[in-house]
Amino acid sequence: MKRVFLGRRASGTSLIVRSCLSSGALLGAIVGGLVGTSARAYASLYPTASARRSLALAYEHNTAMGMLFGPARHLDTVAGFTLFKAQMTCAILAAIWGLLTSSRLLRGNEDAGRTAILLTGSTSLKRWTGTTMAMFTVAVLAAWVCASAMAIAVSEDLSLRSITGTTTILLAPFVVFLCIGAVTSQLFATRRGATGAAGCALALSYLLRGVADAGLGLHLLLWSTPLGWVEELELPDRGSRAPWLAIAATSIAFTAITINLAGRRDVGAGRFAIRTERSPRRLLMRSPLAFSLRSLGVSATLWGAILVLASVLYGLVAKSAGATLRAGSLTRITGALGASGSGAVVVLSLTSLLVAITLSAFGVSQLAALRSDEATARVDLILMFPVTRSRWLLGRLTLIAVAIVGGGALAGLAMWTGAALEHSGVSVGALVAAGCNDATPALALVGLVAIIYGVSPRHTAALGWGLLIWSAGLVLVAVVGSVSTTLLTTSVFHHLSAAPAVSVNVASSGTMAALGLLGIVLSAVAFSRRDLVHH
Amino acid sequence: MSSRSASRKGTVVDAVIETTNLTKRYGRTTALKDCSLTVRTGEVMGFLGPNGAGKSTMINVLLGFARPTSGVATIFGENCTTSAARVHQRLAAVPSDVTLWPNLTGGETLDLFANLHGAVDSDYRNLLIERFALDPTVKVRSYSKGNRQKVLLIGALMTRADLLILDEPTSGLDPLMEQAFRSSIAEAADRGQTVFLSSHIMSEVEALCDRVAILRNGELVEVGAPHELHHLGGRHLDVRFNGIVPDLSRIPGVSNFTVQANRARFEVRGALHPILDALAASDVISLDVREPSLEEVFLEHYGERS
Chain A
18 MKRVFLGRRA
28 SGTSLIVRSC
38 LSSGALLGAI
48 VGGLVGTSAR
58 AYASLYPTAS
68 ARRSLALAYE
78 HNTAMGMLFG
88 PARHLDTVAG
98 FTLFKAQMTC
108 AILAAIWGLL
118 TSSRLLRGNE
128 DAGRTAILLT
138 GSTSLKRWTG
148 TTMAMFTVAV
158 LAAWVCASAM
168 AIAVSEDLSL
178 RSITGTTTIL
188 LAPFVVFLCI
198 GAVTSQLFAT
208 RRGATGAAGC
218 ALALSYLLRG
228 VADAGLGLHL
238 LLWSTPLGWV
248 EELELPDRGS
258 RAPWLAIAAT
268 SIAFTAITIN
278 LAGRRDVGAG
288 RFAIRTERSP
298 RRLLMRSPLA
308 FSLRSLGVSA
318 TLWGAILVLA
328 SVLYGLVAKS
338 AGATLRAGSL
348 TRITGALGAS
358 GSGAVVVLSL
368 TSLLVAITLS
378 AFGVSQLAAL
388 RSDEATARVD
398 LILMFPVTRS
408 RWLLGRLTLI
418 AVAIVGGGAL
428 AGLAMWTGAA
438 LEHSGVSVGA
448 LVAAGCNDAT
458 PALALVGLVA
468 IIYGVSPRHT
478 AALGWGLLIW
488 SAGLVLVAVV
498 GSVSTTLLTT
508 SVFHHLSAAP
518 AVSVNVASSG
528 TMAALGLLGI
538 VLSAVAFSRR
548 DLVHH
Chain B
64 MSSRSASRKG
74 TVVDAVIETT
84 NLTKRYGRTT
94 ALKDCSLTVR
104 TGEVMGFLGP
114 NGAGKSTMIN
124 VLLGFARPTS
134 GVATIFGENC
144 TTSAARVHQR
154 LAAVPSDVTL
164 WPNLTGGETL
174 DLFANLHGAV
184 DSDYRNLLIE
194 RFALDPTVKV
204 RSYSKGNRQK
214 VLLIGALMTR
224 ADLLILDEPT
234 SGLDPLMEQA
244 FRSSIAEAAD
254 RGQTVFLSSH
264 IMSEVEALCD
274 RVAILRNGEL
284 VEVGAPHELH
294 HLGGRHLDVR
304 FNGIVPDLSR
314 IPGVSNFTVQ
324 ANRARFEVRG
334 ALHPILDALA
344 ASDVISLDVR
354 EPSLEEVFLE
364 HYGERS
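So the sequence lines, in the order shown, correspond to chains A and B.
So in the working numbering, the last spot in the first sequence is 552, and the numbers never skip.
So in the working numbering, the last spot in the second sequence is 369, and the numbers never skip.
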C-alpha cells in the first residue's frame with residue numbers, strides 16, 4: 018500500500034488543528050450546556066410574564082450583583098436571563114481556556130522543542146506563529162458550533178437567533194484571551210511566564226470591571242478592560258456595536274503584534290531576556306519540606322497578592338454596593354447562600370464565595386503542579402535521596418493546606434482593611450473568621466484531588482479542574498437561578514456558610530476541613546504504595 | 064572490614080544488589096521477567112540492553128520508584144520497596160530522562176542534592192566541577208543537555224556513596240567529558256565503591272566494568288565478565304594465501320566467509336582446530352586472529368535472536 022507522508026509544516030498544522038478542535042469543542046460543550054440548562058430553568062421557574070417582571074425588578078440596578086456577575090439586563094426574557102446567568106462564569110472560563118490554549122500551542126510547543134523540529138522544514142518562526150494563530154479560528158469555530166448545538170439540544174426555550182447570539186457573546190473572551198496568551202507567549206521565554214502574565218491580565222481585567230460596576234461613578238473603567246467590553250455585549254438586536262469593535266480591533270492588533278514579535282526573536286527566547294547567571298540563593302534548601310516551601314512560595318505569593326488586592330477592593334466598595342441593595346432582591350441571593358441581613362455584610366458574603374473559589378483554584382493548581390513534577394521525573398530527583406515517600410507528600414500537601422488557610426485569613430484581613438477604610442462597621446474578627454471559613458471548601462477539594470493524585474496521577478489536573486468548575490458552576494448558577502438541591506449538594510461551595518452575613522457553621526466547616534485532611538493522609542498512603550508514573 | 068561491606072546490622076553482606084525472580088508487569092506488558100542478579104561489593108557491573116529491554120525499569124525497582132509484580136530486590140540486604148529511604152542513605156543515583164529545576168543554578172542544584180543526601184565531600188565536589196568544566200553559577204534553564212547531565216553526575220559522585228546507580232550517565236557528554244567520567248568511575252572503583260552502570264556504549268562498559276549483565280525483552284540473557292562473554296561472538300580471522308584461496312565456508316563454525324584476491328576473512332565459533340587443520344593443508348602467508356569486542360558480541364547476540 019502506498020503511504021503518503023505530509024511535510025513537516027503540514028504535519029505540524031494538522032496536530033495544531035486537532036488540538037484546537039478538541040480544546041474548542043470541549044469548551045463549547047460546557048458553555049452550550051450552561052446556556053441550555055439556564056434557559057430551561059428560567060422557563061420552568063418563571064413561566065408567567067408577571068413572575069419574570071418581578072425577577073427583573075429584583076435584580077436590575079442591584080450593584081452588588083452587577084459587581085460580581087455583571088449587569089442584569091432584560092431579565093424578563095429567556096435570552097436576557099440566560100445571558101446574565103452565564104455571562105461572567107463563561108467569560109472567566111473562556112478567558113482561562115483561551116490563554117491556556119494559546120500559551121500551550123505557542124510557548125508550550127516551543128518549550129518542549131516541538132516547534133524547533135517544525136522549523137527545520139521550510140518555514141520560519143514568524144510564518145509558523147502566523148499559521149498557529151490562523152488555526153485558532155478552528156478552535157473558536159469548534160467552540161461556537163458545539164456551544165450552539167449543545168444549547169439547542171438541551172433547551173427548546175431559546176430561538177436559534179438567541180442561541181447563536183448568546184454563544185457568540187459568551188465565547189468572545191475566548192477570542193480575546195487566545196490573542197493575549199499569544200502575545201505573552203512571545204514576551205516570555207517559558208510557558209509558565211506566558212501563562213502567568215496572561216493570567217495577571219485576566220485578574221486585572223476582572224478587578225477593573227468589578228470596580229467599574231461598584232456604583233462608584235467609575236463606569237467608564239469598563240472600557241479599559243476586555244472583560245468590561247464583554248460585559249457591554251448584548252444580543253445582536255440590542256446594544257451598541259462599540260464593544261464588538263473593541264474586541265475585534267484588539268484581537269487583530271494582538272495577532273499582528275504576536276506575528277511581528279515572533280519575527281524578531283530567536284527560537285526558544287522571549288522578548289524579555291532571562292538572567293542566565295546569578296549568585297547562589299540557598300534559602301529553603303535544607304530539607305525536602307523546606308524545598309517544597311521554596312517551590313510553593315512563588316506561586317503562593319502571586320496568588321496571595323491577587324487575592325489580597327481583590328479583597329481590599331471588594332472591601333472598599335462593600336458599603337456603597339450594599340447601600341444600593343434592594344430588600345426584595347436580597348431574599349433570593351442571600352437565600353441561595355444561606356445568608357440573611359443587608360448592606361455591606363451581604364456583599365462581603367458574596368465576595369467570600371469568590372475567595373473560596375480562588376483558594377480552591379490555587380489548591381488545584383498546586384496539585385496539577387505536583388503531578389507535573391512527577392511526570393517530568395523531578396519527584397525522582399527528591400525521592401532518590403533518603404526521603405520517605407509518604408512523609409514527603411504529606412509535607413508538601415500540608416504546606417498547600419496551610420497556604421490555603423493562610424490565604425483565607427489574609428483575604429479576610431484584606432477585606433476588613435478595605436471595609437474599615439470606608440467605615441463599613443464590620444469587625445476584623447468576623448472577616449478573618451469568614452476568610453478562614455472560605456478555606457474549608459478549598460481544603461475539601463484539595464483532599465479529594467489529592468486522593469486522585471495518590472491513586473491515578475495522570476487524571477489529577479483534568480479531574481481536579483473539572484471538579485472545581487463543576488462545584489463553582491453549580492453554586493454560581495444557584496445564586497442567580499435554580500439548581501436541584503441534590504445536584505447542589507455535590508458542590509463543596511454549597512456547604513460554605515455565608516459568613517460574615519451568618520455565623521460560621523462550625524460543624525459544616527469542620528467536616529470539610531477534616532475531609533480535606535483525611536484526603537491528604539489517604540493520598541500519602543496511596544502514593545507510597547504505587548509506582549511513580551512518568552509522562 | 065570496610066564500612067561498605069557491612070550491613071546496618073553489622074553482618075558482612077557480599078551482595079550489594081540482589082534481585083530474586085524479579086518480575087514487573089505494566090498491564091499486559093512484561094518489562095522484567097524472573098530477573099535474578101547479584102552485584103557484589105566493590106564491583107563495577109555493566110547493564111546492557113537495547114531500547115525497551117527493561118534497564119530503566121530495573122533501576123526504577125532498585126530505587127524503589129516502581130514496585131515489583133513478584134520477586135524481591137534488595138540493596139545492602141534491605142528491601143528496595145519497603146525500605147527505600149534506608150537504602151538511599153547508602154547510594155547515589157543518576158536517573159535517566161529527568162528534568163532539573165530550570166530556575167535553580169547548577170550550584171544551587173548541587174547544594175540541594177548535598178542537603179538531601181546528608182553528607183558530601185565538598186573538596187571532591189569542587190574537583191568534579193573543575194574536571195567536568197561546569198559553570199555552577201548558570202541557571203539550569205540555560206545549560207545544554209550535556210551540562211545538565213554533568214550536574215546529575217557531579218551530584219551523584221560527590222556523595223562518595225557506597226553504591227552508585229547510573230542510568231545512561233554519559234548521555235549528552237562530549238568525548239572529553241566521557242573521559243572525565245571514566246576516570247571518576249575508576250576512582251570510585253579504586254575507593255571500593257560499587258557501581259551499577261546501565262549504558263548503551265559498549266566501549267565504556269568494556270573499559271570500566273568487572274562484569275556485564277545483558278537484558279533482552281525483560282530477561283537477563285547473559286551475566287559475566289566482559290572477556291567471558293566473548294565466546295558468544297565469533298573470533299575474526301584474516302588469512303592471506305599464496306595462490307588460490309581454499310573454500311573454508313563449509314567447515315563447522317565458520318560464518319561470514321568473504322574472499323578478496325588472495326585474502327579470506329571469516330568468523331569462527333567454537334573450537335579452532337577444524338579450521339587450523341584446514342589451513343595447515345594450505346599455503347598460508349599470514350594469519351590474524353582477533354577476539355570480538357563486546358560491541359560485536361552484543362550486536363551479534365541480538366542479531367541472532369531477534
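In case anyone wonders, no lab produced these hints; they're calculated from the structure.
Every residue gets a Cβ at the ideal spot worked out from N, C-alpha and C, and that includes glycine.
One or more hints might be untrue.
[What the hints assert, rightly or not] Part of the chain A face toward chain B, derived, beta carbon under 8 Å:
1) Ala290
2) Arg299
3) Leu300
4) Met302
5) Arg303
6) Ser304
7) Pro305
8) Leu306
9) Phe308
10) Glu391
11) Thr393
12) Ala394
13) Leu398
14) Leu549
[Unchecked claim] Beta-carbon label-pair distances, calculated as ranges:
15) Ala322/A with Ser99/B: 54 to 62 Å
16) Arg144/A with Gly115/B: 49 to 57 Å
17) Val445/A with Gly90/B: 52 to 60 Å
18) Ala437/A with Asn142/B: 58 to 66 Å
19) Asn142/B with Gly280/A: 39 to 47 Å
20) His476/A with Pro113/B: 57 to 65 Å
21) Ser246/B with Ala273/A: 50 to 58 Å
22) Pro113/B with Ala266/A: 54 to 62 Å
23) Ser207/B with Arg144/A: 26 to 34 Å
24) Gly181/B with Phe289/A: 32 to 40 Å
25) Ser296/A with Pro113/B: 38 to 46 Å
26) Glu285/B with Arg547/A: 28 to 36 Å
Quick check: does the Cβ-Cβ distance between Ala322/A and Ser99/B fall within 54 to 62 Å? holds, 57 Å
Holds or violated: the hint that Met302/A contacts chain B, with Cβ atoms closer than 8 Å. Result: holds, 5 Å to nearest chain B Cβ.
Would you say the C-beta atoms of Val445/A and Gly90/B sit inside 52 to 60 Å of each other? holds, 57 Å
Arg299/A as chain B interface residue, shortest Cβ-Cβ below 8 Å: holds, 6 Å
Is the interface hint satisfied for Ala290/A? The criterion is a beta-carbon contact with chain B at less than 8 Å. With Cβ-Cβ at 11 Å, over 8 Å, it is violated.
Between the beta carbons of Ser246/B and Ala273/A, is the distance compatible with 50 to 58 Å? holds, 56 Å
Could one say that the CB atoms of His476/A and Pro113/B fall in the range 57 to 65 Å? Violated, at about 32 Å.
At the C-beta level, are Arg144/A and Gly115/B separated by a distance inside 49 to 57 Å? At 37 Å between Cβs, range violated.
Can we keep the Phe308/A interface hint, with Cβ of chain B closer than 8 Å? holds, 6 Å
Less than 8 Å between beta-carbons is the criterion; does Leu549/A satisfy it with respect to chain B? Interface hint status for Leu549/A: holds (4 Å vs cutoff 8 Å).
Once the shortest beta carbon distance from Glu391/A to chain B is found, is it less than 8 Å? The hint is violated - Glu391/A has no Cβ within 8 Å of chain B, the shortest such distance being about 10 Å.
In this structure, is the beta-carbon distance linking Ala437/A and Asn142/B contained in 58 to 66 Å? holds, 60 Å
The structure does not agree with the numbered hints 1, 3, 8, 10, 16, 19 and 20 stated previously, though it agrees with the rest.
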